[in-house]
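The opening residue of the sequence shown carries number 256 in our numbering; numbering runs sequentially from there.
No wet-lab data here; the hints were simulated from the structure. Hints are supplied without guarantee of correctness; some may be wrong.
[Unchecked claim] Here are the simulated DSBU-like cross-link-like pairs (lysine-lysine), alpha carbons at most 35 Å apart as the crow flies:
| no. | residue 1 | residue 2 |
| --- | --- | --- |
| 1 | Lys438 | Lys411 |
| 2 | Lys419 | Lys438 |
| 3 | Lys276 | Lys419 |
[Said to hold, decoys possible] Label pairs and their in silico Cβ distance ranges:
| no. | residue 1 | residue 2 | range |
| --- | --- | --- | --- |
| 4 | His470 | Arg382 | 31 to 39 Å |
| 5 | Met339 | Arg277 | 18 to 26 Å |
| 6 | Asp450 | Gln389 | 52 to 60 Å |
| 7 | Leu468 | Met339 | 39 to 47 Å |
| 8 | His470 | Arg270 | 36 to 44 Å |
| 9 | Asp387 | Arg552 | 44 to 52 Å |
| 10 | Asp467 | Glu446 | 18 to 26 Å |
The model shown is predicted, which means the values in this text are computed figures rather than measured ones. From the three backbone atoms N, C-alpha and C, an ideal C-beta is built for every residue, glycine too.
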Amino acid sequence: MDFGLVLQTDPPASRVISLMKRAERNGFTHGWTFDSAVLWQEPFVVYSQILAHTTTLRVGPMVTNPGTRTWEVTASTFATLNDMYGNRTVCGIGRGDSAMRVAGRRPTTLARLGEAIDVIRDLAEGREAEVDGQRMRLPWVRDGRLPVWMAAYGPKALALTGRKADGFILQLADPFLTEWMVKAVRNAAAEAGRDPDAITVCGAAPAYVGDDLAHAREQCRWFGGMVGNHVADLVARYGEHSGMVPEALTEYIKGREGYDYSHHGRAGNPSTDFVPDEIVDRFCLLGPPEAHIEKLRALRDLGVDQFAVYDMHDAQETTIDAYGAEIIPALGD
(Lines of atoms letter the chains of each structure in order from A and count residues from 1; the text may use other names and numbers.)
(Lines give C-alpha, C1' and ligand atoms only; values in the text may rest on other atoms or scores of the structure.)
Protein backbone atom coordinates (compact mmCIF):
# COMPACT_ATOMS: atom_id res chain seq x y z
CA MET A 1 0.00 0.00 0.00
CA ASP A 2 1.23 3.48 -0.91
CA PHE A 3 0.67 6.52 1.30
CA GLY A 4 -0.08 10.14 0.49
CA LEU A 5 -0.21 13.31 2.55
CA VAL A 6 -3.06 15.80 2.00
CA LEU A 7 -2.71 19.46 3.01
CA GLN A 8 -4.38 22.78 2.36
CA THR A 9 -2.19 25.44 0.74
CA ASP A 10 -2.44 27.87 3.63
CA PRO A 11 0.29 30.48 3.79
CA PRO A 12 3.15 30.37 4.31
CA ALA A 13 3.83 28.01 1.42
CA SER A 14 7.18 27.22 3.03
CA ARG A 15 5.37 25.20 5.71
CA VAL A 16 3.47 23.16 3.12
CA ILE A 17 6.76 22.43 1.36
CA SER A 18 8.43 21.52 4.65
CA LEU A 19 5.67 19.06 5.59
CA MET A 20 5.82 17.45 2.15
CA LYS A 21 9.59 17.01 2.48
CA ARG A 22 9.02 15.44 5.88
CA ALA A 23 6.43 13.11 4.36
CA GLU A 24 8.84 11.92 1.66
CA ARG A 25 11.51 11.24 4.30
CA ASN A 26 8.95 9.13 6.16
CA GLY A 27 8.05 6.94 3.20
CA PHE A 28 5.03 8.76 1.73
CA THR A 29 4.91 8.49 -2.06
CA HIS A 30 2.32 11.20 -2.88
CA GLY A 31 1.70 14.78 -1.81
CA TRP A 32 -1.81 16.14 -2.34
CA THR A 33 -3.46 19.51 -1.68
CA PHE A 34 -6.93 20.99 -1.83
CA ASP A 35 -7.58 23.21 -4.88
CA SER A 36 -9.85 26.17 -4.19
CA ALA A 37 -8.40 29.44 -5.42
CA VAL A 38 -10.40 31.73 -3.13
CA LEU A 39 -9.93 29.78 0.10
CA TRP A 40 -6.23 28.89 -0.28
CA GLN A 41 -3.13 29.78 -2.25
CA GLU A 42 -2.73 28.58 -5.84
CA PRO A 43 -1.57 24.95 -5.53
CA PHE A 44 0.26 24.58 -8.84
CA VAL A 45 2.73 27.30 -7.85
CA VAL A 46 3.37 25.44 -4.62
CA TYR A 47 3.71 22.09 -6.45
CA SER A 48 6.66 23.47 -8.39
CA GLN A 49 8.52 24.12 -5.15
CA ILE A 50 7.51 20.80 -3.60
CA LEU A 51 8.83 18.97 -6.65
CA ALA A 52 12.04 21.02 -6.59
CA HIS A 53 12.66 20.13 -2.94
CA THR A 54 11.82 16.41 -3.15
CA THR A 55 13.18 13.54 -5.20
CA THR A 56 10.44 11.02 -5.91
CA LEU A 57 7.26 12.44 -4.36
CA ARG A 58 4.33 12.68 -6.79
CA VAL A 59 2.02 15.66 -6.39
CA GLY A 60 -1.47 16.66 -7.42
CA PRO A 61 -4.76 18.23 -6.37
CA MET A 62 -7.35 16.43 -4.29
CA VAL A 63 -9.18 17.64 -6.24
CA THR A 64 -9.27 20.11 -9.10
CA ASN A 65 -12.33 20.55 -11.34
CA PRO A 66 -13.21 21.36 -14.99
CA GLY A 67 -14.62 24.81 -14.23
CA THR A 68 -11.97 26.85 -12.42
CA ARG A 69 -9.44 26.81 -15.25
CA THR A 70 -9.85 26.12 -18.95
CA TRP A 71 -8.89 22.57 -19.82
CA GLU A 72 -5.90 23.47 -21.96
CA VAL A 73 -4.51 25.58 -19.09
CA THR A 74 -4.92 22.69 -16.65
CA ALA A 75 -3.27 20.28 -19.07
CA SER A 76 -0.44 22.67 -19.88
CA THR A 77 0.25 23.28 -16.19
CA PHE A 78 0.56 19.57 -15.45
CA ALA A 79 2.63 19.01 -18.58
CA THR A 80 4.99 21.83 -17.65
CA LEU A 81 5.58 20.39 -14.17
CA ASN A 82 6.15 16.97 -15.70
CA ASP A 83 8.63 18.35 -18.21
CA MET A 84 10.51 20.13 -15.42
CA TYR A 85 10.50 17.32 -12.86
CA GLY A 86 9.90 14.07 -14.72
CA ASN A 87 6.26 12.93 -14.84
CA ARG A 88 5.66 13.26 -11.10
CA THR A 89 2.10 14.61 -11.14
CA VAL A 90 -1.35 13.08 -10.81
CA CYS A 91 -4.54 14.93 -11.76
CA GLY A 92 -7.15 14.36 -9.06
CA ILE A 93 -10.43 15.77 -10.37
CA GLY A 94 -14.11 16.06 -9.46
CA ARG A 95 -17.17 18.16 -10.23
CA GLY A 96 -16.00 21.03 -8.03
CA ASP A 97 -17.36 21.78 -4.58
CA SER A 98 -15.71 24.58 -2.60
CA ALA A 99 -13.82 25.99 -5.59
CA MET A 100 -16.99 26.53 -7.57
CA ARG A 101 -19.52 27.33 -4.85
CA VAL A 102 -17.35 29.91 -3.09
CA ALA A 103 -17.06 31.69 -6.44
CA GLY A 104 -20.84 31.63 -6.88
CA ARG A 105 -20.87 28.88 -9.50
CA ARG A 106 -22.47 25.45 -9.56
CA PRO A 107 -20.37 22.29 -9.78
CA THR A 108 -19.99 21.04 -13.32
CA THR A 109 -22.13 18.24 -14.72
CA LEU A 110 -20.86 14.68 -14.84
CA ALA A 111 -21.06 14.78 -18.64
CA ARG A 112 -18.76 17.79 -18.70
CA LEU A 113 -16.42 16.16 -16.18
CA GLY A 114 -16.17 13.00 -18.28
CA GLU A 115 -15.25 15.04 -21.34
CA ALA A 116 -12.66 17.02 -19.36
CA ILE A 117 -10.95 13.85 -18.10
CA ASP A 118 -10.25 12.70 -21.64
CA VAL A 119 -9.19 16.13 -22.91
CA ILE A 120 -6.85 16.99 -20.03
CA ARG A 121 -5.14 13.60 -20.20
CA ASP A 122 -4.78 13.72 -23.99
CA LEU A 123 -3.36 17.23 -24.08
CA ALA A 124 -0.98 16.65 -21.16
CA GLU A 125 0.35 13.51 -22.85
CA GLY A 126 0.88 15.27 -26.19
CA ARG A 127 -2.17 14.10 -28.12
CA GLU A 128 -4.65 16.24 -29.99
CA ALA A 129 -7.99 16.95 -28.32
CA GLU A 130 -11.06 19.08 -28.89
CA VAL A 131 -11.85 21.90 -26.45
CA ASP A 132 -15.18 23.63 -26.99
CA GLY A 133 -15.15 22.78 -30.70
CA GLN A 134 -11.51 23.73 -31.25
CA ARG A 135 -8.95 21.05 -32.07
CA MET A 136 -5.61 21.65 -30.39
CA ARG A 137 -2.40 20.01 -29.23
CA LEU A 138 0.48 21.05 -26.99
CA PRO A 139 3.34 20.72 -29.54
CA TRP A 140 6.13 20.91 -26.96
CA VAL A 141 5.06 17.90 -24.89
CA ARG A 142 7.48 14.97 -25.08
CA ASP A 143 6.86 11.64 -23.32
CA GLY A 144 4.23 13.18 -21.07
CA ARG A 145 2.32 10.99 -18.62
CA LEU A 146 -0.67 12.17 -16.60
CA PRO A 147 -2.84 9.69 -14.66
CA VAL A 148 -6.28 11.18 -13.99
CA TRP A 149 -7.99 10.04 -10.80
CA MET A 150 -11.62 10.94 -10.18
CA ALA A 151 -13.28 11.61 -6.82
CA ALA A 152 -16.79 10.19 -6.50
CA TYR A 153 -19.51 9.18 -4.05
CA GLY A 154 -22.81 8.74 -5.91
CA PRO A 155 -23.74 5.91 -8.29
CA LYS A 156 -23.50 7.91 -11.52
CA ALA A 157 -20.15 9.42 -10.55
CA LEU A 158 -18.82 6.00 -9.52
CA ALA A 159 -19.89 4.60 -12.89
CA LEU A 160 -18.16 7.46 -14.73
CA THR A 161 -14.99 6.80 -12.72
CA GLY A 162 -15.04 3.18 -13.84
CA ARG A 163 -15.53 4.15 -17.47
CA LYS A 164 -13.03 7.00 -17.74
CA ALA A 165 -10.54 7.43 -14.91
CA ASP A 166 -7.14 5.90 -14.23
CA GLY A 167 -7.81 6.03 -10.49
CA PHE A 168 -10.64 6.39 -7.98
CA ILE A 169 -10.36 8.81 -5.05
CA LEU A 170 -12.62 7.70 -2.20
CA GLN A 171 -12.72 10.29 0.57
CA LEU A 172 -13.66 7.87 3.35
CA ALA A 173 -12.00 5.23 5.53
CA ASP A 174 -15.15 3.21 6.25
CA PRO A 175 -14.71 -0.45 5.21
CA PHE A 176 -18.42 -1.06 4.51
CA LEU A 177 -18.75 1.93 2.19
CA THR A 178 -15.33 1.31 0.66
CA GLU A 179 -16.38 -2.19 -0.37
CA TRP A 180 -19.63 -0.90 -1.91
CA MET A 181 -17.99 1.93 -3.83
CA VAL A 182 -14.93 0.04 -5.08
CA LYS A 183 -17.21 -2.71 -6.36
CA ALA A 184 -19.36 -0.14 -8.20
CA VAL A 185 -16.29 1.39 -9.89
CA ARG A 186 -14.82 -1.96 -10.89
CA ASN A 187 -18.16 -3.23 -12.23
CA ALA A 188 -18.51 -0.11 -14.38
CA ALA A 189 -14.98 -0.57 -15.70
CA ALA A 190 -15.69 -4.17 -16.65
CA GLU A 191 -18.93 -3.19 -18.39
CA ALA A 192 -16.96 -0.61 -20.39
CA GLY A 193 -14.48 -3.24 -21.50
CA ARG A 194 -11.69 -1.98 -19.27
CA ASP A 195 -9.53 -3.96 -16.87
CA PRO A 196 -11.11 -3.29 -13.45
CA ASP A 197 -7.87 -4.06 -11.64
CA ALA A 198 -6.01 -1.40 -13.64
CA ILE A 199 -7.86 1.37 -11.78
CA THR A 200 -5.86 2.64 -8.79
CA VAL A 201 -8.00 3.04 -5.67
CA CYS A 202 -6.97 5.85 -3.32
CA GLY A 203 -8.71 6.11 0.02
CA ALA A 204 -8.41 9.47 1.76
CA ALA A 205 -9.41 10.56 5.25
CA PRO A 206 -8.05 12.27 8.38
CA ALA A 207 -5.66 10.23 10.51
CA TYR A 208 -4.75 11.17 14.08
CA VAL A 209 -2.31 9.02 16.04
CA GLY A 210 -2.68 9.05 19.83
CA ASP A 211 -4.50 7.61 22.83
CA ASP A 212 -6.81 10.58 23.54
CA LEU A 213 -9.75 9.57 21.34
CA ALA A 214 -11.99 12.41 22.49
CA HIS A 215 -9.43 15.01 21.40
CA ALA A 216 -8.71 13.16 18.14
CA ARG A 217 -12.43 13.10 17.31
CA GLU A 218 -12.76 16.84 17.84
CA GLN A 219 -9.76 17.48 15.62
CA CYS A 220 -11.23 15.34 12.81
CA ARG A 221 -14.99 15.95 13.14
CA TRP A 222 -14.77 18.49 10.31
CA PHE A 223 -14.37 15.59 7.88
CA GLY A 224 -17.85 14.25 8.60
CA GLY A 225 -19.17 17.71 7.78
CA MET A 226 -17.27 17.86 4.51
CA VAL A 227 -18.50 14.41 3.48
CA GLY A 228 -22.00 15.35 4.63
CA ASN A 229 -21.97 18.30 2.24
CA HIS A 230 -21.47 15.89 -0.67
CA VAL A 231 -24.02 13.45 0.72
CA ALA A 232 -26.61 16.24 0.91
CA ASP A 233 -26.18 16.72 -2.83
CA LEU A 234 -26.80 13.00 -3.38
CA VAL A 235 -29.93 13.04 -1.23
CA ALA A 236 -31.24 16.05 -3.15
CA ARG A 237 -30.59 14.25 -6.42
CA TYR A 238 -31.73 10.70 -5.64
CA GLY A 239 -33.97 11.02 -2.57
CA GLU A 240 -33.34 9.88 0.98
CA HIS A 241 -34.58 6.29 0.55
CA SER A 242 -34.00 5.75 -3.16
CA GLY A 243 -31.77 2.75 -2.69
CA MET A 244 -29.22 4.45 -4.94
CA VAL A 245 -27.01 5.51 -2.00
CA PRO A 246 -26.41 3.37 1.11
CA GLU A 247 -28.28 4.53 4.21
CA ALA A 248 -25.01 4.08 6.08
CA LEU A 249 -23.86 7.16 4.19
CA THR A 250 -27.05 9.25 4.33
CA GLU A 251 -28.54 8.61 7.78
CA TYR A 252 -26.28 10.92 9.77
CA ILE A 253 -26.95 14.11 7.78
CA LYS A 254 -30.55 14.48 9.01
CA GLY A 255 -29.39 17.01 11.60
CA ARG A 256 -27.33 19.00 9.12
CA GLU A 257 -28.11 22.72 8.82
CA GLY A 258 -26.15 24.24 5.95
CA TYR A 259 -22.41 24.49 5.52
CA ASP A 260 -19.91 27.34 5.92
CA TYR A 261 -17.07 27.09 3.41
CA SER A 262 -14.93 29.56 5.34
CA HIS A 263 -14.19 26.66 7.73
CA HIS A 264 -13.94 24.01 5.00
CA GLY A 265 -11.56 21.21 5.94
CA ARG A 266 -10.56 22.74 9.26
CA ALA A 267 -10.62 21.50 12.84
CA GLY A 268 -13.29 23.27 14.88
CA ASN A 269 -15.61 23.76 11.91
CA PRO A 270 -18.91 24.95 13.46
CA SER A 271 -20.87 23.35 10.61
CA THR A 272 -20.10 19.86 11.94
CA ASP A 273 -22.00 19.77 15.24
CA PHE A 274 -24.40 17.25 13.69
CA VAL A 275 -21.62 14.67 13.11
CA PRO A 276 -21.75 11.96 15.83
CA ASP A 277 -18.70 10.23 17.28
CA GLU A 278 -19.66 7.00 15.51
CA ILE A 279 -19.31 8.66 12.10
CA VAL A 280 -15.96 10.22 13.01
CA ASP A 281 -14.68 6.80 14.10
CA ARG A 282 -15.99 5.11 10.95
CA PHE A 283 -14.84 7.71 8.44
CA CYS A 284 -11.40 8.48 9.96
CA LEU A 285 -8.38 6.67 11.41
CA LEU A 286 -7.96 7.41 15.10
CA GLY A 287 -6.11 5.92 18.04
CA PRO A 288 -2.73 4.26 18.61
CA PRO A 289 -0.67 2.96 15.67
CA GLU A 290 -2.09 -0.55 16.08
CA ALA A 291 -5.62 0.72 15.40
CA HIS A 292 -4.48 2.46 12.21
CA ILE A 293 -2.64 -0.65 11.01
CA GLU A 294 -5.65 -2.89 11.62
CA LYS A 295 -8.05 -0.65 9.70
CA LEU A 296 -5.60 0.00 6.87
CA ARG A 297 -5.10 -3.74 6.40
CA ALA A 298 -8.87 -4.14 6.11
CA LEU A 299 -9.01 -1.35 3.52
CA ARG A 300 -6.10 -2.87 1.60
CA ASP A 301 -7.93 -6.20 1.50
CA LEU A 302 -10.91 -4.38 -0.05
CA GLY A 303 -8.75 -3.10 -2.90
CA VAL A 304 -7.36 0.22 -1.62
CA ASP A 305 -3.95 0.77 -3.23
CA GLN A 306 -3.09 4.07 -1.55
CA PHE A 307 -4.22 5.74 1.63
CA ALA A 308 -3.92 9.54 1.66
CA VAL A 309 -3.74 11.09 5.13
CA TYR A 310 -5.66 14.33 5.62
CA ASP A 311 -3.32 16.13 7.99
CA MET A 312 -5.38 19.17 8.93
CA HIS A 313 -5.23 19.13 12.73
CA ASP A 314 -2.95 20.06 15.64
CA ALA A 315 -0.55 17.10 15.34
CA GLN A 316 0.72 17.32 11.78
CA GLU A 317 4.38 16.45 12.34
CA THR A 318 3.55 13.83 14.95
CA THR A 319 1.19 12.07 12.54
CA ILE A 320 3.68 12.09 9.67
CA ASP A 321 6.44 10.74 11.90
CA ALA A 322 4.24 8.06 13.48
CA TYR A 323 3.22 6.84 10.05
CA GLY A 324 6.82 6.74 8.93
CA ALA A 325 8.09 4.96 12.04
CA GLU A 326 5.36 2.37 12.65
CA ILE A 327 2.42 2.36 10.24
CA ILE A 328 3.91 2.54 6.74
CA PRO A 329 6.49 -0.20 7.48
CA ALA A 330 3.72 -2.48 8.80
CA LEU A 331 1.73 -2.13 5.56
CA GLY A 332 4.69 -3.13 3.40
CA ASP A 333 4.18 -6.81 4.19
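To see whether the hints hold, each was checked on the structure:
no.	hint	verdict
1	Lys438 with Lys411	13 Å, holds
2	Lys419 with Lys438	16 Å, holds
3	Lys276 with Lys419	32 Å, holds
4	His470 with Arg382: 31 to 39 Å	50 Å, violated
5	Met339 with Arg277: 18 to 26 Å	22 Å, holds
6	Asp450 with Gln389: 52 to 60 Å	32 Å, violated
7	Leu468 with Met339: 39 to 47 Å	44 Å, holds
8	His470 with Arg270: 36 to 44 Å	22 Å, violated
9	Asp387 with Arg552: 44 to 52 Å	46 Å, holds
10	Asp467 with Glu446: 18 to 26 Å	46 Å, violated
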